[in-house]
Amino acid sequence: MRATVENVINGPVYADVPKPAFVPGPAGTHITIRGLTKYFAGWPLYENFDLDIPKQKIVSVFGPNGCGKSTLINMIAGLIPIDSGEILFDGKSLEDTKIGYVFQNYREAMFPWMRTIDNIAYPLKLEGRSKAEVDRRMEELVASFDVKFDLKRYPYELSGGQQQTASIMRALAPNPEVLFLDEPFSALDFEMTLFIREKLQEVFMKTGTTMLLVSHDLEEAVYLADQVLLLTKRPTRVAEILDYRDQRPRTLETLSSASFVAMKKLSLEIFQREVRR
Amino acid sequence: MSTPSSAAPWSPPAANAAASAPPRESHWVKALPFIGPVVLFIVWDLVVRFGLIKAILLPMPGATLQTLLSGLAGGALLGDFAVTVWRTLQAFLIAAVVGVPLGVLLGSNERAYRSVEFLIDFFRSTPSSALIPLFLMIFGVSDVNKVAIAAFGALLIVVFNSAYGVMNARKQRVMAAKVMGASRWQIFRDVLVWESLQPTFVGLRSAVSMALVIVIVAEMFIGSDSGLGHRIINSQQVMNVKDMYASIIAAGALGYALNILFLVAERRIVHWSGR
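Chains A and B, in that order, give the protein sequences.
Quick note: to get our numbering, add 104 to the position in the first sequence (first position is 1).
Quick note: to get our numbering, add 4 to the position in the second sequence (first position is 1).
With the rest of the complex left out, here is chain B (with noise of 0.2 angstroms):
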C-alpha cells in the first residue's frame, strides 16, 4: 500500500499524461490509402507489358489516363461527363424533394406506413433496370425516361430511410419534449425532423449512387446519343478500347466523388451522428 500525501489537498489527476508527447504517426501511415491504387497500376501496367492480356482490350494505364485528361479537359468525353452529371442530378432532386418529404411524414404515422410498406419493400427490392421497358412504354424513348427511372429508383431509398429514421427516433428526446408541454406539432418539427435527419443522409447517399447506376444503364440501353453511358457502349461497340477504359474511369471518379460529396455534406450538417 502507497502512503497517502496527506499535506496536499486532492486535486483531479492533473493532464500530465497530455503533457507527454502524443504518439507519432509517421509518414508512411499517412501514404496508406495510396497503396493498392498504386499496385493496381503497375500491374495493370505489367500485365499489358508482357503481352498477358493483347493491348487491344486492355490499354496501357498511362495512355489510358491521358486520354481521361485530356478528354475532360475540353475534349468529348467532358461533354458527355456533364449530361451524365445533370441526369443524375435530376433524378436526385426530384427524388430527394419528393421523397423526404414524404418518408417523414410517412415515419410519422406509423399506419400509414405499414400500408405502403410491401409497395415500398417489394419494389425497392425490384431491380429498377427491369423497370426500364415499362418506363419506355409510358415516356418513350426520351431524356425524361432515364431520368424518371432514376428517380423512381432513388425515391424508394429515400423514402425508405427516412421513413426509418423518423420511426427510430430516440423515444426520450419525444418523451422529453412531451413532458416540457411541446404539442404534436412542436415534437415533429422541433424532434421527429432532426431526429430523422441522420438516416435521411444515408438515404440520400445511396439514393445518388442508384441514380448514377440507373442514369449509366438508361444512357447504354435507351436510344441514346449522349452520357457516359453511351459513351462507354458506344467506344466498345468500335473497340476504342482507351476511350471505353477513360469513360468507364469517369463514371468512376463520378460515383466516388458524388460518395464523398455526401459523407462531408453529413457531417458538417448532422454534426452530432454518432456522438
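Pulled out of the complex, with its shape left as it was, chain A reads as follows (with noise of 0.2 angstroms):
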C-alpha cells in the first residue's frame, strides 16, 4: 500500500497538521469538549483542554482562584467566544441547543421594565410560543417552585432571594437541555441559600436537566454535584474528576454523613495540593 501511495503523481500535499480525529466521550456523556484553547492577554487560560460533561448530572466546577471557572462554562454558553476547540451538545452545536443560564448578579440579569411574570415568560415568548402554551407552562412553573411571592411585581421589588428564584425559574422556564449556574447562591443570604438549594435539586430530581454549577463554596459544591470537576491553576486544565453517589435527596443529614465528610475532605485535599503546586 505505501508503494502505491508514493506513486501517485501530483497527490496532494498536506502542508498543515491534520485536525485530531473527533474523540466521542463515553456513552452517557452529553457536552463533548475538544482541544479547546482561550488566551487572555496573550497567556493561555486553557490550551487543548478536552472534557465530558455527563447527561442528566450535576456537575460541579471548583479550583483555585483566577483558573477560570465561570470562564469555562460562559464559553460551553457561548457567552465566551472560544479561540479554537470544539464543544458539542449530544453531537449539535449550541445553535441547536436549549440552554439556561442563572447569573450571579441577579440585579443586573433581570429585566427591570418588565414585570416578574413577564420576565420568567420572555424565553417562552422568544421562542415564539402561543399565549395559552406560555400560561400553562407559567402555571406549572409556578406550581413547581411553590413561588409565595407576587410575580406581578417589578423584579426590583422583591428581596434578593425571590429575583434569584425569579431567574431560575426564567432560565428553566424553556425546559432547557443544559442549565447553568454561575455562583447563584453567593449574593444571597443563608437561609436563601437553604431554600434555593433544595428548589434546584428538587427540579432535578423531576426533570434530570444536566447542571453546570459553579461555586466558591467547597459545602456547596459538594452538596448538590454528581461529580466534582476539580480544575489546576492556570493554564487550567482538569485535576480530578470526583464522583459522588450520595442518595438524593439530599438533605440536612447528608451534610454530616461520612460520605459526605469524606468527599468533602478529598475535594480539599486536591484543591489544597493544586493551589500550592
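Honestly, the hints are just simulated from the structure, not real lab data.
Cβ coordinates follow ideal geometry from the N, Cα and C atoms, glycine included.
Among the clues, some could well be false.
Label pairs and their computed distance ranges (CB to CB) [as the list claims (entries may be wrong)]: (1) A/D200 <-> B/R128: 31 to 37 angstroms; (2) B/S30 <-> A/K229: 49 to 55 angstroms; (3) B/W90 <-> A/N209: 44 to 50 angstroms; (4) A/G264 <-> B/A67: 56 to 62 angstroms; (5) B/R128 <-> A/D187: 54 to 60 angstroms; (6) A/N209 <-> B/M141: 20 to 26 angstroms; (7) B/L97 <-> A/N169: 51 to 57 angstroms; (8) B/F122 <-> A/N169: 39 to 45 angstroms; (9) A/D200 <-> B/L135: 52 to 58 angstroms; (10) A/D187 <-> B/S129: 39 to 45 angstroms; (11) A/K252 <-> B/L267: 31 to 37 angstroms; (12) A/K252 <-> B/Y260: 42 to 48 angstroms; (13) B/R128 <-> A/L372: 55 to 61 angstroms; (14) A/S197 <-> B/F122: 53 to 59 angstroms.
Fit chain to chain and form the complex, with the hints in mind.
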C-alpha cells in the first residue's frame, strides 16, 4: 500500500497538521469539549482542553482563584468566544441546543422594565409560543416552585432571594437541555441559599436536567453534585473528577454523613495540592 | 454570652422594629425649601426700601409679582409667554423625534458612532448662540430660524445621551438575552432600547433647557416682535423695569416647570431607574 501512495504523481500535499480525529466521550456524555483553547492577554488560560460532561447529572466546577471556572461555563454557554476547539451538545452545536443560564448578579440579569412574570415568560415568548402555551408553562413553574411572592411585581420590588428564584424560573421556563449556574448563591443570605439549593435539587430530581454549577463554596459544590470537577491553576487542566454518589434527596443530615464529609475532605486535599503546586 | 432559648423554634427577626413609631418629620423640615425664596424676597424688599438700589433699576418685589400675575392672567405677557413656549416645544419635538432614534441607532453601531463622534462633540461644545449668524444666512430673519437653531442645539444633546445610553447598556442584560436565544434585533428591541431610556431622559431634560435658552436669545437678537426674549429686551430699552423683571421671572418659571415636568415623566416612565 505504501508503495502505491508514493507512486501517485501530483498527489495532495498536506501542509497543515491534520486536525486530530474527534474522539467521542463515553456513553452518557452530554457535552463534549475537545481541544478548547483560550488565551487571555497573550497567556493561555485553556490549552487543548478536553472534557466530557455527563448527561442528567449535576457537575460542580471547583478550583483555585483565577483558573477560569466561570470562563469555562461561559465559553460552553457561548457567552465568551473561544480561540479554537469544539464544544458539542449530544453531537449538536450550541445553536441547536436550548440552554438556561443563571447569573450570580440577579439584579443585572433580570429586566427591570418588565414585571417579574413577564421576565420569566420572556424566553418562551422568544420561542414564539402561543399565549395559551406560555400560560400553561407559567402555571407549571409557579406550582413547582411553590412561589409565595407576587409575580406581578417588578423585579426590583422583590428581595434578593426572590429575584434569584425568579431568574432560575426564567432559565428553566423553556425546559432547557443544560442549565448553567454561575455562583448562583454567592449574593444571597444563608436562609435563601438553603431554600434555592433545595429547589434546584427538587427540579433536578423531577426533570433530570444536566446542570453545570460554578461555586466558590466547597460544601455547596459537593452537596448538589454528582460529579465534582476540580481544576488546576492556569493554564487550566482537569485536576480530578470525583464521583459523589450519595442518595437524593440529600438533606441537612447528608451534610454530616461520613460519605459527604469524606468527599469534601478529598476535594479539599486535591484543591490544596493544586493551589500549592 | 446570652443563654440561647432552645424552646422556641427559630424565626426570622420579626418586624418589631417597625412597630415602634417611625421618626417624626417635623413641620419645619417640610418648610425648608421655602426659606431661600422668602429670604431673597425680604432682602430684595429691604434693598429697594432703603434705597441701596434705585427703584428705577429694581422695582419693589410686590409690584413686580403683581405685574407678573396680571400679565400672565390674560395680559400682554401671556401672549409672549405662549409664543416662547410654542417655539421651545417645536424645537424640542424636532430634536427628540430626530435625535432619539438617531442616537439609539448610532449607539448600537459603535463604529458608526466613532466616525461622527468628533462632529457631535465639537458642535455640542460650540455655544449655539455663536451659530446664530450662520443660521440667519440660511433661514433669514424668520420664526423658522429661531426654532431651527434651538432644535440644532438640543438635537446634539439628545443624540449624545441616547447613543451613550445604548453603548453603556448593562453587559449582563445583553448576555442574558443572548443566552436565551434572542436575535440581534430582539436584543436591540427588548434590551438596548430600554437600557437607553434613562440616559435618554437625561438628554431630553437637558435638551429642553437648552432649547429654551436658545429660543430666548434668538428672540432677543434676531429681529423678533414676540416672545419672552423680545419682551425682556424691549422693556429694558424703555426702562419698564417692572415688566422686564416680570418677564425674567416668567422665563425662569417656565424653565423650572419644564425641568420638573421631565423629572416627573422620567420617574413615571423609567420607574426602575436607580433601583
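The hints, checked one at a time:
1. A/D200 <-> B/R128: 31 to 37 angstroms: Since A/D200 and B/R128 have Cβ atoms about 47 angstroms apart, the given range 31 to 37 angstroms is violated.
2. B/S30 <-> A/K229: 49 to 55 angstroms: Check passed, 51 angstroms falls within 49 to 55 angstroms.
3. B/W90 <-> A/N209: 44 to 50 angstroms: holds, 47 angstroms
4. A/G264 <-> B/A67: 56 to 62 angstroms: 59 angstroms Cβ-Cβ, so the 56 to 62 angstroms window holds.
5. B/R128 <-> A/D187: 54 to 60 angstroms: With a Cβ separation near 40 angstroms, B/R128 and A/D187 fall outside 54 to 60 angstroms, so the hint is violated.
6. A/N209 <-> B/M141: 20 to 26 angstroms: violated, 54 angstroms
7. B/L97 <-> A/N169: 51 to 57 angstroms: holds, 54 angstroms
8. B/F122 <-> A/N169: 39 to 45 angstroms: Given range 39 to 45 angstroms: holds, Cβ gap about 42 angstroms.
9. A/D200 <-> B/L135: 52 to 58 angstroms: holds, 56 angstroms
10. A/D187 <-> B/S129: 39 to 45 angstroms: holds, 42 angstroms
11. A/K252 <-> B/L267: 31 to 37 angstroms: With Cβ atoms ~36 angstroms apart, the hint holds.
12. A/K252 <-> B/Y260: 42 to 48 angstroms: holds, 46 angstroms
13. B/R128 <-> A/L372: 55 to 61 angstroms: 58 angstroms Cβ-Cβ, so the 55 to 61 angstroms window holds.
14. A/S197 <-> B/F122: 53 to 59 angstroms: Between A/S197 and B/F122, where Cβ atoms are some 42 angstroms apart, the hint is violated.
Violated hints for the displayed structure, listed by number in ascending order: 1, 5, 6, 14.
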